[in-house]
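Student: Residue-level listing of the chains:
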Amino acid sequence: MKVLVPVKRVLDYNLKVRVKPDGSGVDLSNLKMSINPFCEIAVEEAVRMKEGGGGHAKDAATEVIAVSIGPEQAQETIRNALAIGADRGILVKADGEVEPLAVAKILKAVVEAEKPDLVILGKQAIDDDSNQVGQMLAALLDWPQATFASKIVLQNGKATVTREVDGGLQTLDVDLPAIVTTDLRLNEPRYASLPNIMKAKKKPIDVKTPADFGVDTAPRIKVLKTAEPGKRQAGIKVKSAAELVGKLKEAGII
Amino acid sequence: MAVLVIAEHDNTTVKDSTNKVVTAAKAMGADVDVLVAGSNAGAAAQAAAGIEGVRKVLHADGATLAKQMAEPMEALVVPLMAHYDAVLFPATTTGKNAAPRVAAKLDVMQLSGVIGVESADTFVRPIYAGNAIITVQDTQPKKVLTVQPTAFKAAAGGGSASVETIAAPSGPFKSAFVSEEMAKSDRPELTAAKRVVSGGRALGSSEEFHRVLDPLADKLGAAVGASRAAVDAGYAPNDYQVGQTGKVVAPELYVAVGISGAIQHLAGMKDSKVIVAINKDEDAPIFQVADYGLVGDYKTIVPELMDELTKAGV
Ligand SMILES: Cc1cc2nc3c(=O)[nH]c(=O)nc-3n(C[C@H](O)[C@H](O)[C@H](O)COP(=O)(O)OP(=O)(O)OC[C@H]3O[C@@H](n4cnc5c(N)ncnc54)[C@H](O)[C@@H]3O)c2cc1C
Ligand SMILES: Nc1ncnc2c1ncn2[C@@H]1O[C@H](COP(=O)(O)O)[C@@H](O)[C@H]1O
Numbered sequence: 000m001k002v003l004v005p006v007k008r009v010l011d012y013n014l015k016v017r018v019k020p021d022g023s024g025v026d027l028s029n030l031k032m033s034i035n036p037f038c039e040i041a042v043e044e045a046v047r048m049k050e051g052g053g054g055h056a057k058d059a060a061t062e063v064i065a066v067s068i069g070p071e072q073a074q075e076t077i078r079n080a081l082a083i084g085a086d087r088g089i090l091v092k093a094d095g096e097v098e099p100l101a102v103a104k105i106l107k108a109v110v111e112a113e114k115p116d117l118v119i120l121g122k123q124a125i126d127d128d129s130n131q132v133g134q135m136l137a138a139l140l141d142w143p144q145a146t147f148a149s150k151i152v153l154q155n156g157k158a159t160v161t162r163e164v165d166g167g168l169q170t171l172d173v174d175l176p177a178i179v180t181t182d183l184r185l186n187e188p189r190y191a192s193l194p195n196i197m198k199a200k201k202k203p204i205d206v207k208t209p210a211d212f213g214v215d216t217a218p219r220i221k222v223l224k225t226a227e228p229g230k231r232q233a234g235i236k237v238k239s240a241a242e243l244v245g246k247l248k249e250a251g252i253i
Numbered sequence: 000m001a002v003l004v005i006a007e008h009d010n011t012t013v014k015d016s017t018n019k020v021v022t023a024a025k026a027m028g029a030d031v032d033v034l035v036a037g038s039n040a041g042a043a044a045q046a047a048a049g050i051e052g053v054r055k056v057l058h059a060d061g062a063t064l065a066k067q068m069a070e071p072m073e074a075l076v077v078p079l080m081a082h083y084d085a086v087l088f089p090a091t092t093t094g095k096n097a098a099p100r101v102a103a104k105l106d107v108m109q110l111s112g113v114i115g116v117e118s119a120d121t122f123v124r125p126i127y128a129g130n131a132i133i134t135v136q137d138t139q140p141k142k143v144l145t146v147q148p149t150a151f152k153a154a155a156g157g158g159s160a161s162v163e164t165i166a167a168p169s170g171p172f173k174s175a176f177v178s179e180e181m182a183k184s185d186r187p188e189l190t191a192a193k194r195v196v197s198g199g200r201a202l203g204s205s206e207e208f209h210r211v212l213d214p215l216a217d218k219l220g221a222a223v224g225a226s227r228a229a230v231d232a233g234y235a236p237n238d239y240q241v242g243q244t245g246k247v248v249a250p251e252l253y254v255a256v257g258i259s260g261a262i263q264h265l266a267g268m269k270d271s272k273v274i275v276a277i278n279k280d281e282d283a284p285i286f287q288v289a290d291y292g293l294v295g296d297y298k299t300i301v302p303e304l305m306d307e308l309t310k311a312g313v
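Same order as they appear, the protein sequences are chains A and B. Numbered per numbering that gives the first Met the number 0, the first sequence spans residues 0 to 253. Numbered per numbering that gives the first Met the number 0, the second sequence spans residues 0 to 313.
Just so you know, these hints were derived from the structure itself, not from any lab. Quick caveat: nothing in here was measured; it's all calculated off a predicted structure. No residue lacks a Cβ here, since even glycine has one placed at the ideal position from N, Cα and C. Among the clues, some could well be false.
Take a look, some chain A residues computed to stay more than 10 Å from chain B by CB distance [said to hold, decoys possible]:
1) H55
2) K57
3) Q74
4) R78
5) W142
6) G167
7) A199
8) P203
9) P218
10) Q232
Only pairs whose alpha carbons sit at most 20 Å apart, straight line, appear in this in silico EDC-like list of lysine to aspartate or glutamate [unchecked claim]:
11) A:K248 to B:E251
12) A:K248 to B:D296
13) A:K238 to B:D296
14) A:K92 to A:E242
Residues from chain B that keep clear of chain A, each with C-beta distances beyond 10 Å, as calculated [to be verified]:
15) K25
16) G41
17) R54
18) A81
19) D84
20) A167
21) P187
22) G203
23) D217
24) N237
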């Protein structure tokens, strides 16, 4: 079984983004970029399907392909996936913002070329917080989907997926080929070892462009303004629980 | 113009989030219809008809819609969009699951987690866990939005819209519901609660989490939430998680107990009206957003707080 894992290069999750003073966007210059945490979890799960582990039989997956749509530097994100254990990469080179719909269309074309049985994506990219590419890809391919996965069991041409939903957990059976998106508790990604980082440098990465797949990446949405969120008024420290209850009463909260 | 709102409901009643999304739809200056998709959901359809300002309720009923799964929701909503300019889903796990399928089928780029409606085509949404807020113009002929319910006031009751029955999709679909494990609680639902008491890694164990926070929540009539660290460590169930990747809450009172205040956590609660933080580290970032901070060990502070609340007649 072939598994395709789309990985996005995003601002490192430990860093706080800066809004440009003129409101024209966010300033990412000189900030550390990393693989989107949810995508890292997706790679880890796919690699476990190959190596065995995480409840998966060894060789449940035969090949893991990492694909990223982004600038030249997204190569590093793909190398990151290769160091975790993916076999090869595809970089679809595109400068500037590519919206989720266009990403989904490019991924559809990649799926049609590679014919994987399973695509595992992150549930959301922590930069645009869109939470939509996986579902869109499923719709474009007319495949079933299981989003927000905290457990995946492969069996008899099906994936049984436990999903994190608002009220608790839900379990679905999806026929393969299928789309799964990862939630945080699916697994804990390994630290790539130095030998594996070295090995990853030799794994092949194919470079393409959106035009190769006939996808137009012109944005549909116009960003008029980017602003800092409203700042909360700095509060006060109270000395005791009694003082706190007094303040809450004054404020009419209790 | 006409906007379709997808109702969040339990087949009997409509959730408050539906009323809030109706408010967002009204702000687009449109006729607003509500779709209730469910199984034996007649009562929920009637309840939706009572939301003020709703023109018409569409009621689709059938076994395929029992769990509002993504594939049948796509099959139901896409053809309806011939009659609507926009469709608004609540940004709940159910809404987030289905909306992008509808968008892709309509060849529409979706706007996720909308927190403001400035006009029929101009919207406000957070990016980077709420550390930047963008105002965007969406001129696509059809629009698909997920709406953050906590950002809007609930539309009142007192309406009397008509209910029109429409057919449920018959399938077959390539995904099947197997089971669910829903947390049962007599407490108010986290995203709708007026008060929330949340615990973090400091609580140290599941027993301690419940021993300390449950009585405080009961006293305040509050829902219980948690940080991701507390959920990951197994102190609290996953549906308690508040934050960028959990639930977004905006209660009148949010009490954070032993939570440091990481940006991902703040993304889920910083719009609360009053924030109280109890933390033994006076430099914890949570104090930067707290209206009232109490520096100290929760083990002594929470019992004192319980006593003081009792004294104050709470
Ligand atoms: C992609 C991604 C998404 C994430 N999404 C979320 C999310 O949605 N929600 C979320 O919450 N986190 C999220 N996180 C995790 C987040 O970065 C933090 O790790 C997490 O919020 C920390 O939880 P905490 O405050 O409980 O734990 P800690 O940061 O360990 O803080 C514990 C606090 O308790 C205090 N304390 C200890 N003992 C006591 C005591 N006896 N009395 C009083 N105070 C005490 C300490 O001073 C400390 O401030 C995410 C992370 C990533 C990478
Ligand atoms: N530019 C991209 N390149 C590769 N994968 C992407 C890209 N953008 C989004 N994805 C995938 O889609 C998931 C959800 O992203 P989003 O819908 O933008 O929140 C991510 O976790 C990735 O797996």
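Student: State for each hint whether it applies.
Tutor: Hint check:
The non-interface label for H55 of chain A is consistent with chain B: the shortest C-beta to C-beta separation is roughly 19 Å, beyond 10 Å. Taking the minimum C-beta to C-beta distance to chain B, about 26 Å, the non-interface status of K57 of chain A holds against the 10 Å cut. Every CB of chain B lies more than 10 Å from the CB of Q74 of chain A, the least distance being 23 Å, so the non-interface label holds. The Cβ of R78 of chain A lies farther than 10 Å from every Cβ of chain B, with a closest approach of about 24 Å, so its non-interface assignment holds.
With a least beta-carbon separation of about 7 Å from chain B, W142 of chain A fails to lie farther than 10 Å from that chain, contradicting its non-interface assignment. Residue-level check failed: G167 of chain A sits 4 Å from the nearest beta carbon of chain B, not beyond 10 Å. Residue-level check passed: A199 of chain A sits 27 Å from the nearest beta carbon of chain B, beyond 10 Å. Annotated as non-interface, P203 of chain A keeps its C-beta farther than 10 Å from every C-beta of chain B; the closest such distance is 30 Å.
A cut-off of 10 Å between C-beta atoms contradicts the statement that P218 of chain A is not in contact with chain B; the least separation is 8 Å. Some Cβ of chain B comes within 10 Å of the Cβ of Q232 of chain A; the nearest lies about 8 Å off, and the non-interface call is violated. Pair hint K248 of chain A plus E251 of chain B holds up; C-alpha atoms about 13 Å apart against a cutoff of 20 Å. Restraint check for K248 of chain A and D296 of chain B: the C-alpha separation of about 23 Å exceeds 20 Å, so the hint is violated.
Taken as a hint, the K238 of chain A and D296 of chain B pair is honoured in the structure, with Cα atoms around 13 Å apart against an allowance of 20 Å. Of the pairs offered as hints, the one joining K92 of chain A and E242 of chain A is violated, with about 59 Å between alpha carbons and a cut-off of 20 Å exceeded. Interface exclusion of K25 of chain B from chain A stands, the closest Cβ pair being 22 Å apart, more than 10 Å. No beta-carbon of chain A comes within 10 Å of the beta-carbon of G41 of chain B; the shortest separation is about 22 Å.
For R54 of chain B, the condition that its CB be more than 10 Å from all CB atoms of chain A holds, with the nearest at approximately 28 Å. No Cβ of chain A approaches the Cβ of A81 of chain B within 10 Å, the least distance being about 17 Å, so the stated non-interface status holds. D84 of chain B, annotated as away from the interface, keeps every beta carbon of chain A farther than 10 Å; the closest lies near 15 Å. The non-interface label for A167 of chain B is consistent with chain A: the shortest C-beta to C-beta separation is roughly 18 Å, beyond 10 Å.
For P187 of chain B, the requirement that its beta carbon stay farther than 10 Å from each beta carbon of chain A is met, with the minimum near 13 Å. Every C-beta of chain A lies more than 10 Å from that of G203 of chain B, the closest at about 19 Å, which supports listing it as non-interface. Every CB of chain A lies more than 10 Å from the CB of D217 of chain B, the least distance being 14 Å, so the non-interface label holds. Non-interface call for N237 of chain B relative to chain A: violated, since the shortest CB-CB distance, roughly 5 Å, does not exceed 10 Å.
Comparing the model with each earlier hint shows violations of hints 5, 6, 9, 10, 12, 14, 24; every other hint is respected.
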